[in-house]
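Following the hints, complete the assembly by docking chain X onto the known chain Y.
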Amino acid sequence: GQQLNQSPQSMFIQEGEDVSMNCTSSSIFNTWLWYKQDPGEGPVLLIALYKAGELTSNGRLTAQFGITRKDSFLNISASIPSDVGIYFCAGYQGGSEKLVFGKGTKLTVNP
Amino acid sequence: NAGVMQNPRHLVRRRGQEARLRCSPMKGHSHVYWYRQLPEEGLKFMVYLQKENIIDESGMPKERFSAEFPKEGPSILRIQQVVRGDSAAYFCASSRGGGAQPQHFGDGTRLSIL
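Going down the list, the sequences are from chains Y and X.
Using the working numbering, read the first sequence as starting at 1 and increasing by one per residue.
Using the working numbering, read the second sequence as starting at 112 and increasing by one per residue.
Next up, chain X with everything else stripped away, as it sits in the complex:
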């Protein structure tokens, strides 16, 4: 997993707080994807971004969730007013380009909501 950097690795929030998850893609990669994984489940797609653009957000909940990938800096997945059901592992992946190229994953952020 070297290359895709996610932080923090663990994040604890109380209900109603905001959670910010960061992802720096592999060097040379300009495409970023966010996935959510519940225990004993596979990963579920949330959003696909390129620099300064959201390409596909079909997997994102309509409320409270947002993502960005600014020109400078990491991609951010933001969850406002967190609820217990937001507890999960959130993974970021990156690829060199689009067109079904392999995605390489970070080690994830484990979000726990108290």
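So that you can see chain Y by itself, here it is in the shape it has in the complex:
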């Protein structure tokens, strides 16, 4: 089935640094969503993107819907220890109600 390619797989950064991660697909997506998952919990919605080129912020998080509709980016500015977790991109393709997920980017923040 359709998969989203998410990179990098893992990141180790120092507190205060900025972080960028991205998600690509070989086919078009109509909606992009970014989730964060902590150990033992379910994914929590961070940002939803609905239009090509859209740039949306949620506090220190900023995400963009690529103009080709085949990619999306998530940036975290001034990272803090509680940013630790796994970040997943997910998307809807046209006419489908099921979310397709990437494999996640595992973020570690060193104090």
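Worth flagging that the hints you see were computed from the coordinates, not collected in a lab.
Hints are not guaranteed to be accurate.
Unchecked claim - Derived CB-CB ranges, DEER-like:
1. Y/Pro81 <-> X/Gly114: 25 to 35 angstroms
2. Y/Ser57 <-> X/Arg125: 46 to 56 angstroms
3. X/Ile187 <-> Y/Gly94: 28 to 38 angstroms
What you are looking at is a predicted structure, and each value in this text was computed from that prediction instead of being measured.
For glycine and all other residues, C-beta sits at the position ideal for the given N, C-alpha and C.
Okay, now just chain X, sitting in the frame of chain Y:
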């Protein structure tokens, strides 16, 4: 994750037994989705239901797995005659409507098969 309630959080079954996983959607949400997550993997879609209807079950194994969302009560994901390969985290999500609205997830049920 407040709102989507899943139980039990952990479930241990022996091979051949049945597993029943329950999900109550967020208040005001009438669309329910089930996903499975293996370690170090993303979530994989299983089934999409509205009240009393299965809308898309393209991700469900053809045998042993079934899902329902009755008029009253929670959605149930049922796995009959469980095997070791069924061990995974099963997540339920809900949305207010269809049309690619954001899905909100519960904290999952971790199923372990002995």
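Each hint, compared with the structure:
no.: 1; hint: Y/Pro81 <-> X/Gly114: 25 to 35 angstroms; in the structure: holds (26 angstroms)
no.: 2; hint: Y/Ser57 <-> X/Arg125: 46 to 56 angstroms; in the structure: holds (49 angstroms)
no.: 3; hint: X/Ile187 <-> Y/Gly94: 28 to 38 angstroms; in the structure: holds (30 angstroms)
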